[in-house]
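Line by line, the protein sequences are chains B and C.
Count along the first sequence from 1, then add 58; that gives the number in the working numbering.
Count along the second sequence from 1, then add 844; that gives the number in the working numbering.
Bear in mind the hints are in silico, worked out from the structure with no lab data behind them.
A couple of the hints might just be wrong.
Unchecked claim - Straight line, CA to CA, 27 Å or less: simulated DSS-like cross-link-like pairs of lysine-lysine:
| no. | chain 1 | residue 1 | chain 2 | residue 2 |
| --- | --- | --- | --- | --- |
| 1 | C | Lys-1358 | B | Lys-60 |
| 2 | C | Lys-882 | C | Lys-907 |
| 3 | C | Lys-983 | C | Lys-856 |
| 4 | C | Lys-1150 | B | Lys-221 |
| 5 | B | Lys-60 | B | Lys-125 |
| 6 | B | Lys-131 | B | Lys-221 |
| 7 | C | Lys-1185 | C | Lys-1199 |
| 8 | C | Lys-856 | C | Lys-973 |
| 9 | B | Lys-131 | C | Lys-1358 |
| 10 | C | Lys-973 | B | Lys-125 |
| 11 | B | Lys-60 | C | Lys-1150 |
| 12 | C | Lys-1043 | C | Lys-1185 |
| 13 | C | Lys-1197 | C | Lys-1033 |
| 14 | C | Lys-1199 | C | Lys-1172 |
| 15 | C | Lys-856 | C | Lys-974 |
| 16 | C | Lys-1130 | C | Lys-1199 |
| 17 | C | Lys-1150 | C | Lys-1197 |
| 18 | B | Lys-131 | C | Lys-1033 |
| 19 | C | Lys-1358 | C | Lys-1337 |
| 20 | C | Lys-1135 | C | Lys-1043 |
| 21 | B | Lys-125 | B | Lys-221 |
| 22 | B | Lys-60 | B | Lys-131 |
| 23 | C | Lys-1150 | B | Lys-125 |
| 24 | C | Lys-1197 | C | Lys-907 |
| 25 | B | Lys-131 | C | Lys-983 |
| 26 | C | Lys-1043 | C | Lys-1172 |
| 27 | B | Lys-125 | C | Lys-907 |
| 28 | C | Lys-983 | B | Lys-125 |
| 29 | C | Lys-1197 | C | Lys-1066 |
| 30 | C | Lys-1033 | C | Lys-1130 |
| 31 | C | Lys-1033 | C | Lys-1066 |
| 32 | C | Lys-1180 | C | Lys-1197 |
| 33 | B | Lys-125 | C | Lys-1066 |
To be verified - Not close to chain C: a few residues of chain B, all C-beta gaps over 10 Å, as computed:
| no. | residue |
| --- | --- |
| 34 | Phe-114 |
| 35 | Leu-126 |
| 36 | Asp-139 |
| 37 | Phe-167 |
| 38 | Gly-201 |
| 39 | Ile-202 |
| 40 | Ser-214 |
Heads up, the beta-carbon is just placed ideally off N, CA and C, and yes, glycines get one too.
Spelled out from the first residue to the last, the chains are:
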Amino acid sequence: MKYTLAVLVENRPGVLTHISGLISRRAFNIESIAAGPTEETDTTRITIGVEVEDEFELEQVVNQLSKLINVIKIANLTYVDSIQRELALIKVRANKANRSDLVDIVEIFRAKIVDVNRETLVIELSGEEAKIDALCEVLMDFGIIELVRTGRIAISRGPVPAKEMY
Amino acid sequence: MLGAEVVIECLKEEEVDIVFGYPGGAVLTLYDALFKTKFPHILTRHEQGAVHAADGYARATGKTGVCFATSGPGGTNLVTGIATAYMDSIPLVAITGQVGVPLIGKDSFQEADICGITTPITKHNYLVKKIQDLPRVMKEAFYIARTGRPGPVVIDISKDVFNDTLDFEYPSDVSLRGYRTSSSGDSTKVDLVVQSLEKAARPVIFVGGGVNISGTSEEVRKLIHMTGIPVMSSLMGLGCIPSDVPEHLGMVGMHGTYAANMATIDCDLLMGIGVRFDDRVTSLVKNFAPKATIIHFDIDPAEVNKNVRADLKVIGDLRWALPLLCEKIAERRLEKGQWAKSEWIDLVQDWKKEKPLASSLPPEGIRPQTVIERVSDLTQGDAIIVTDVGQHQMWTAQTYNFNKQRSFLTSGGLGTMGYGLPAAIGAQITLPKKTVVLFTGDGSIMMNCQELATVADNELPLKIIVMNNQVLGMVNQWQRMFYGQRYSHSSTKGCTDFVKLAEAMGVAGLRVRKPEELNMILEKALQMEGPVLVDVLLPETEDVLPMVPPGGRLDQMVLRGGI
Chain B
59 MKYTLAVLVE NRPGVLTHIS GLISRRAFNI ESIAAGPTEE TDTTRITIGV EVEDEFELEQ
119 VVNQLSKLIN VIKIANLTYV DSIQRELALI KVRANKANRS DLVDIVEIFR AKIVDVNRET
179 LVIELSGEEA KIDALCEVLM DFGIIELVRT GRIAISRGPV PAKEMY
Chain C
845 MLGAEVVIEC LKEEEVDIVF GYPGGAVLTL YDALFKTKFP HILTRHEQGA VHAADGYARA
905 TGKTGVCFAT SGPGGTNLVT GIATAYMDSI PLVAITGQVG VPLIGKDSFQ EADICGITTP
965 ITKHNYLVKK IQDLPRVMKE AFYIARTGRP GPVVIDISKD VFNDTLDFEY PSDVSLRGYR
1025 TSSSGDSTKV DLVVQSLEKA ARPVIFVGGG VNISGTSEEV RKLIHMTGIP VMSSLMGLGC
1085 IPSDVPEHLG MVGMHGTYAA NMATIDCDLL MGIGVRFDDR VTSLVKNFAP KATIIHFDID
1145 PAEVNKNVRA DLKVIGDLRW ALPLLCEKIA ERRLEKGQWA KSEWIDLVQD WKKEKPLASS
1205 LPPEGIRPQT VIERVSDLTQ GDAIIVTDVG QHQMWTAQTY NFNKQRSFLT SGGLGTMGYG
1265 LPAAIGAQIT LPKKTVVLFT GDGSIMMNCQ ELATVADNEL PLKIIVMNNQ VLGMVNQWQR
1325 MFYGQRYSHS STKGCTDFVK LAEAMGVAGL RVRKPEELNM ILEKALQMEG PVLVDVLLPE
1385 TEDVLPMVPP GGRLDQMVLR GGI
């Protein structure tokens, strides 16, 4: 079972080391991790995608992460109505002959072309992971030179922020 | 005020009365401040000695132990001691020097990333690069080390910070947004515990290190006294309940007693108090207490459901939970003995009588168990007992009649050979009038034997008993039992003269060769004013039994005569 956790941490040096160290030491199966600043300058938000066997294992992940001194709050967004997004930048082989096919695909996926030259295109797409996976699969026929993905971030719908969730 | 002096002032604010340490390049200014302020400091002979001594000091008193070391190798030499303290939840603050700020990250002389290295083995750690942060970090470090579930905290301070200056003001509070300590918890859970206890026919109580740490052995004794429920202990819980309390079954687990292990398999309710269900206790988790409702009391929510699934959990400080539990039990107005079926209580007592701990060695020779029994009799259970790790540790745990909390100092979780001597130093320094006895082995003592010099320097009246069987006993036992008697590198060959070693370091040495000498020499050693090492020559082939073979169920013990 896959879960999405919003982890609010103090914006201090060494915090990411503590988190990644704990994850590897306890052998937690982390799919993705994405960190960035928040509406509060002293807080960093880390969205962690974790795959666990059962609720007991998830409880361990949450409890162990909560023990870290710099972790302020962990909200489980899995069962909360929420929006999940990931950003991908994909560099694809493109020539005169197939460029228009690529433009069509980009339009179908509501992606954007952000760089063009004689041999390649760079496509930007944000969306749920499955959508990015689908685009990548189609683009494989053209030849993906380079792919970079941010890992998913998530935010709940409605007025209650993660920091106030139970 | 100089940064180095700020450190000393902070220690005073935290009521630290002694520091263990070893100087070096990055902490020279700190040591200069020690000199100027005459702050009490014990020089050990190795940084590992300093950290274990601070740990022994903390275990014996409940106060936070403090040690100093220099950068690089000084810090890395602390690692084993920090991990030892972390596994057993010991409050410790380790202060290390770091190279100057501009040199950090340049692979400078004696530079090591101590924060990086100690992250998995500390409750928290800090790198201080600005003097302005120093008072806050010191305050937070002590607060974190001793509150909630205690643990070690490392403060790595750049050399430049020691030399910088600051108008010193110690913060009155800490502000840690992410640190919650659960002192009290959900009292309705305690009601549910009482209900479960009332329903149980074959209950058993299992106490661990949490009881020693929280100082709640009185409450546990009251609980046993009120209910008459059989009780057993983990290695770390020894001392909470006097060994002569009839309900006490002794230690449970791999080298647990027959009664405790059988009770675990057969009970219908197991109430764990301040325990973490270590694999040395449970053996295979799926076969642990298979018929029982499991109740788990702990201060750390992450301990519950980590190893053993609890049917009922009470999260909070035992200083809150146990008095409340006693109160609610008293309200039920049940007589002692009514909390369990009398057949169960009789059965457990029969197990105790049927297969008590025994030795396989002929009574004519010196049995290791006899050595411990004699010391137990001579000290009336009133000593601080320290051990190293191995066979002698298990024999001590099984045999010594502990009757006070914080009276047994041993490396339980990490199993650190070499822990004993420096830990005993830490305990003896803070409790100079107490008899402190170290049981060690001919293997373990050598792992930190340089600290005999520290014992002599400080004229500490330590009693060191080397259980000398000329083998690495526990390794030897496993090789005998599970590796076809192929004794690969487990002999210490007996060339070392421990009496001469002690004497060379400035400590008196005595030797017991024959059984008839044992009593006299032990008595003499315990009566001597100064430090003494007693080298007791033992036969090499004595196993620690009972033993649950790895992967076995607790009732599948190898007992005496069963091999």
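Here is how each hint holds up against the structure:
Taking the CA atoms of Lys-1358 of chain C and Lys-60 of chain B, the gap is near 66 Å; set against the 27 Å cutoff, the hint is violated. Between Lys-882 of chain C and Lys-907 of chain C the CA atoms are separated by roughly 21 Å; this keeps the pair inside 27 Å, and the hint holds. Under the criterion of a C-alpha separation no larger than 27 Å, the hint pairing Lys-983 of chain C with Lys-856 of chain C is consistent with the structure, at around 11 Å. Of the supplied pair hints, the one linking Lys-1150 of chain C and Lys-221 of chain B holds, its CA atoms being roughly 26 Å apart against a limit of 27 Å.
Restraint check for Lys-60 of chain B and Lys-125 of chain B: satisfied, since their Cα atoms lie roughly 22 Å apart, inside the 27 Å limit. In summary, the hint linking Lys-131 of chain B to Lys-221 of chain B is supported, as the alpha carbons are separated by about 6 Å, within the 27 Å threshold. Note on Lys-1185 of chain C and Lys-1199 of chain C: the hinted pairing holds, with a Cα-Cα distance of about 22 Å set against a maximum of 27 Å. Pair hint Lys-856 of chain C plus Lys-973 of chain C holds up; C-alpha atoms about 22 Å apart against a cutoff of 27 Å.
Distance restraint check for Lys-131 of chain B and Lys-1358 of chain C: the Cα-Cα separation of roughly 64 Å exceeds the 27 Å cut-off, and the hinted pair is therefore not satisfied. About 25 Å separates the Cα atoms of Lys-973 of chain C and Lys-125 of chain B, which keeps this hinted pair within 27 Å; it holds. Taken as a hint, the Lys-60 of chain B and Lys-1150 of chain C pair is honoured in the structure, with Cα atoms around 20 Å apart against an allowance of 27 Å. For the given pair, Lys-1043 of chain C sits about 10 Å from Lys-1185 of chain C by alpha-carbon distance, which is consistent with the 27 Å threshold.
The suggested pairing of Lys-1197 of chain C with Lys-1033 of chain C is violated, with an alpha-carbon distance near 36 Å, which exceeds 27 Å. The hinted pair formed by Lys-1199 of chain C and Lys-1172 of chain C fails the criterion: a straight-line CA distance of about 36 Å is larger than 27 Å. Taking the CA atoms of Lys-856 of chain C and Lys-974 of chain C, the gap is about 21 Å. The hint holds against a cut of 27 Å. Of the pairs offered as hints, the one joining Lys-1130 of chain C and Lys-1199 of chain C holds, with about 26 Å between alpha carbons and a cut-off of 27 Å not exceeded.
At roughly 34 Å between alpha-carbon atoms, Lys-1150 of chain C and Lys-1197 of chain C are farther apart than 27 Å, so this suggested pair is violated. Distance hint between Lys-131 of chain B and Lys-1033 of chain C is fulfilled; the C-alpha atoms sit about 24 Å from each other, no more than 27 Å. About 20 Å separates the Cα atoms of Lys-1358 of chain C and Lys-1337 of chain C, which keeps this hinted pair within 27 Å; it holds. Only pairs whose Cα atoms come within 27 Å are accepted, and Lys-1135 of chain C paired with Lys-1043 of chain C is accepted, the gap being roughly 14 Å.
A hinted pair counts as satisfied when its Cα atoms are at most 27 Å apart, and Lys-125 of chain B with Lys-221 of chain B qualifies at roughly 17 Å. A threshold of 27 Å between alpha carbons decides the hint, and for Lys-60 of chain B with Lys-131 of chain B the separation of about 20 Å falls inside it, so the pair holds. Straight-line distance between C-alpha atoms of Lys-1150 of chain C and Lys-125 of chain B comes to about 14 Å, which keeps the hinted pair within the 27 Å bound. At most 27 Å may separate the alpha-carbon atoms for a hinted pair to count; Lys-1197 of chain C and Lys-907 of chain C exceed this at roughly 39 Å.
Between Lys-131 of chain B and Lys-983 of chain C the CA atoms are separated by roughly 23 Å; this keeps the pair inside 27 Å, and the hint holds. Straight-line distance between C-alpha atoms of Lys-1043 of chain C and Lys-1172 of chain C comes to about 15 Å, which keeps the hinted pair within the 27 Å bound. For the suggested pair Lys-125 of chain B and Lys-907 of chain C, the alpha carbons sit about 22 Å apart, so the restraint of at most 27 Å is met. Proximity of Lys-983 of chain C to Lys-125 of chain B is assessed by CA-CA distance (about 19 Å); at most 27 Å being required, the pair is judged to hold.
As the CA atoms of Lys-1197 of chain C and Lys-1066 of chain C are separated by approximately 24 Å, the hinted pair is consistent with the 27 Å bound. At roughly 25 Å between alpha-carbon atoms, Lys-1033 of chain C and Lys-1130 of chain C fall within 27 Å of each other, so this suggested pair holds. About 20 Å separates the Cα atoms of Lys-1033 of chain C and Lys-1066 of chain C, which keeps this hinted pair within 27 Å; it holds. Proposed proximity of Lys-1180 of chain C and Lys-1197 of chain C is supported: the alpha carbons are some 22 Å apart, at most 27 Å.
Pair hint Lys-125 of chain B plus Lys-1066 of chain C does not hold up; C-alpha atoms about 32 Å apart against a cutoff of 27 Å. A beta-carbon of chain C is positioned within 10 Å of the beta-carbon of Phe-114 of chain B; the least distance is around 5 Å. For Leu-126 of chain B, the requirement that its beta carbon stay farther than 10 Å from each beta carbon of chain C is not met, with the minimum near 7 Å. The Cβ of Asp-139 of chain B lies farther than 10 Å from every Cβ of chain C, with a closest approach of about 26 Å, so its non-interface assignment holds.
For Phe-167 of chain B, the non-interface assignment is confirmed: its Cβ lies about 40 Å from the closest Cβ of chain C, beyond the 10 Å cut-off. No beta-carbon of chain C is positioned within 10 Å of the beta-carbon of Gly-201 of chain B; the least distance is around 40 Å. For Ile-202 of chain B, the non-interface assignment is confirmed: its Cβ lies about 35 Å from the closest Cβ of chain C, beyond the 10 Å cut-off. No beta-carbon of chain C is positioned within 10 Å of the beta-carbon of Ser-214 of chain B; the least distance is around 21 Å.
Checked against the numbered hints given earlier, the structure breaks hints 1, 9, 13, 14, 17, 24, 33, 34 and 35 and satisfies all the rest.
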